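Participant: So you can see what is in the structure, the chains are spelled out below.
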Amino acid sequence: MKNLPLLFLGIFFTLAFSWVGLILSSHLNLGNLQPSTSELEDGKLIEGEPVYPIKLGGIAQTGKDVYIDQGCMYCHSQQIRAQGFGSDYERGWGNRQTVARDYIFQDRVLLGTMRTGPDLANVGSRLPSREWHMQHLYQPRITSPGSIMPPYTYLFDVQKVEGRPSEDAIMIPEGSPYAPPAGYEVVPTDRAEALVAYLLSLKVDYELPEMGFTEL
Amino acid sequence: MSADTGFTPYKSEDLSERVKLSEIDHSIRTSGLFFLVSAVVWLLIGTVFAIISSYKMHTPEFLAQYEFLTFGRARSAHLNAMIFGWANNAIFCLGLWVMARLCRNRVRHGGLLLIAGAFWNLGVSIGIFGILTGKMTSVEWLEMPTEVAPVLAFSYVLIGIWGIMAFADRKSEHVYVSQWYILAALFWFPWLYIIAEVMILMVPARGVVQPITNWWFAHNVLGLWLTPVALGVAYYLIPKVLGKPIYSYYLSVIGFWTLALFYNWAGIHHLIGGPIPVWLQTAGIVASVMMTIPVVVVAINQHMTVVGEHDAVWKSPTLRFVVFGAISYTLVSLIGSAMALRVVNEVTHFTHFTVAHAHHGVYAFFTMIMFGGIYFVMPRFMKREWPSATLIRIHFWACALGITLYVVGLSIGGIIQGLELNKLDDEGSIVYPFLQVMANTLPWLASRTVSGILLTIGHFAFAIHFFWMLFAPANKTSEGPTLLAPNNS
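Quick note, the sequences are listed as chains P and G, same order. All letters in the first sequence, in the order written, are residues 1145 to 1360 by this note's numbering. All letters in the second sequence, in the order written, are residues 144 to 632 by this note's numbering.
The shape of chain P in the complex, shown without the other chains (with noise of 0.2 Å):
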């Protein structure tokens, strides 16, 4: 190699290539989306019906905040594939694939890329039940026998019963192996309900212009 110039000059526009291809230009392709209605009429949004995505809100921020910080994306992707493609439609995971658009107000976007545990892009439509999150928070294995999914027993307070039970424990079922002491109750700490709203948040129950439901 004589000619250093052309080695300093390659070594930096193969990288600065990549980049304008790949990030510059998705970013001025799809850094602008916007929300919009179901259908559009003439090419734009009907006056008067709701526009998706909607904002994540309150409570379930925090939780995803906890959802960030305990790492449930090494197990779970929330992404939906075209039916054709996996299985993803024929689980149950989703009605549509998700599109670029879908994941336009997420600060930060959890695409994942392990399966260990199925994708929950739309768990809050599929499992809406408060009650079956806290449970399978808790202890996995009593929704779910043999699950591998680790419990996540610190985010509960097991506490003595005192007067009456708290509102906000959650049922063991009687007899499972993982009830507390007879006494005691589990109540979720604050980040277990933030955590549940995040999860039950998580739906991908609407259309956009570009991607309709699957109908087969």
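The set of hints was computed from the structure by calculation and includes no laboratory data. Values in this document were obtained by computation on a predicted structure and should not be read as measured data. No residue lacks a Cβ here, since even glycine has one placed at the ideal position from N, Cα and C. One thing to keep in mind: the hints can contain errors.
Stated by the list, open to error - With a Cα cut of at most 35 Å, we get these calculated DSBU-like pairs of lysine-lysine:
hint, chain 1, residue 1, chain 2, residue 2
1, G, Lys383, P, Lys1347
2, P, Lys1199, G, Lys278
3, P, Lys1347, P, Lys1199
4, P, Lys1304, G, Lys383
5, G, Lys278, P, Lys1347
6, G, Lys383, G, Lys314
As the list claims (entries may be wrong) - Here are the simulated distance ranges between beta carbons:
hint, chain 1, residue 1, chain 2, residue 2, range
7, P, Glu1311, G, Val574, 41 to 47 Å
8, G, Trp422, P, Asp1209, 31 to 37 Å
9, P, Glu1359, G, Trp422, 22 to 28 Å
10, P, Ser1273, G, Val551, 37 to 43 Å
11, G, Arg536, P, Gly1175, 53 to 59 Å
Given chain P, put chain G in place with the hints provided.
Facilitator: Chain G in isolation, oriented as in the chain P frame:
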């Protein structure tokens, strides 16, 4: 390049050449040893987190009460300890050392390197502590809290500039292929890191531009940082130890430029089927397939150099590891290209196969070459030989068998997992309920823990030997290097 002959690099024909190299080695010794000690300590820390994570995956109750060790955090601590702790420190030592030697230039401002190294390791320590205590970002390969990014970026830039300066100020007449690889890597890594930190975490880009940036970054850490340095080290050590030139200069030129061009674009294959434009996915697939060119070229070039020298490779601790790594590079890269094809990706994506593949690359290829490099450089730094051929043998076999079991076991498990997840019956309904697919991965997850135990044994043998070498009084320099087989030539 000048070659020390045979297995006795100290007994080079050309005395003045020997003296010069020895002076260069000496000039980088302090910072080099600092990086190596840090690397070995991180390797052990990363290994402990690895074993904990692996065991948790099939036995979720294990240590479940400790929040800081929950699976998501333990596996991220493992990854960051290995990449930013072990791999980067090993690169800082070996990459800079190869650079200095090939530039025929004594290392100046070694103190600067030490300071940068100290800050780097401080940053990684705080970062991993952050992961364990609830500040993890859940952005793959960038899990450390954003606060440490400026520290890491700053200390890295110092190190990178140092390497580039060494190159600019070189005294040698020729520029060898290892220098291009290492120079390019030193330049690429900070850009990748800074752009990714800014566009994903500091001023987050909108929506899926984040994962696109994420996979451009994460794949390029492997492709434009670990890979070029490991290839550069291998390109240096193979001819060095064998005492003969590399097979073809032209092949190495082609190999370098095609890698620089195609690897850049390949990372998007991590998002195949995802919510990003189809043309981007196609670009990622095309680039991944084109990667077969640099891979085959490097394979021909390095393996043709080694052909007929199998005795020598087997005897030399350095070459045994380096050649294991070079062969793994060919295999893992060809598998990687295949995985990007849509039909294959439909099965392997989201499964343990990907995890096996990542370890095939970062461990069987990159890490094994770094081990080989350390076996070569330590005697030059310490002016004494490795104390025990047995410990090297234990290290080699535990790691070689361990990583083979890891990759084979988890790949099989991952393919089964993917096929079962996708299988539909004639009516178009799923055949295997999710819990059953999950249960069927358990034996393979357990096989990973077994392989992890082997790797742990290898790492401890290596670490014990390393510190023994470091602290032992001077020994048998005169008897020649420590070999793994009798020298009957």
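Participant: Each hint should be assessed against the structure and marked as holding or not.
Facilitator: Do the hints match the structure? See the list:
Of the supplied pair hints, the one linking Lys383(G) and Lys1347(P) is violated, its CA atoms being roughly 60 Å apart against a limit of 35 Å. Between the alpha carbons of Lys1199(P) and Lys278(G) the distance comes to roughly 23 Å, so the proposed pair stays at or under 35 Å and holds. Distance check on the hinted pair: Lys1347(P) and Lys1199(P) sit about 12 Å apart at the alpha-carbon level, within 35 Å; holds. Annotation: proposed proximity of Lys1304(P) to Lys383(G) is violated, straight-line Cα distance about 71 Å (limit 35 Å).
At most 35 Å may separate the alpha-carbon atoms for a hinted pair to count; Lys278(G) and Lys1347(P) meet this at roughly 26 Å. Between Lys383(G) and Lys314(G) the alpha-carbon distance is near 19 Å, which keeps this suggested pair within the 35 Å criterion. The hinted range of 41 to 47 Å is satisfied by Glu1311(P) and Val574(G), whose Cβ atoms lie roughly 43 Å apart. Range check, Trp422(G) to Asp1209(P): about 34 Å between beta-carbon atoms, so the 31 to 37 Å window is met.
Restraint check, Glu1359(P) to Trp422(G): a C-beta distance of roughly 26 Å satisfies the suggested window 22 to 28 Å. For Ser1273(P) and Val551(G), the Cβ-Cβ distance of about 42 Å falls inside the hinted range of 37 to 43 Å, so the restraint holds. Look at Arg536(G) against Gly1175(P): about 56 Å separates their beta carbons, and that is inside 53 to 59 Å.
Going down the numbered hints, you'll see the structure goes against 1, 4, while the others check out.
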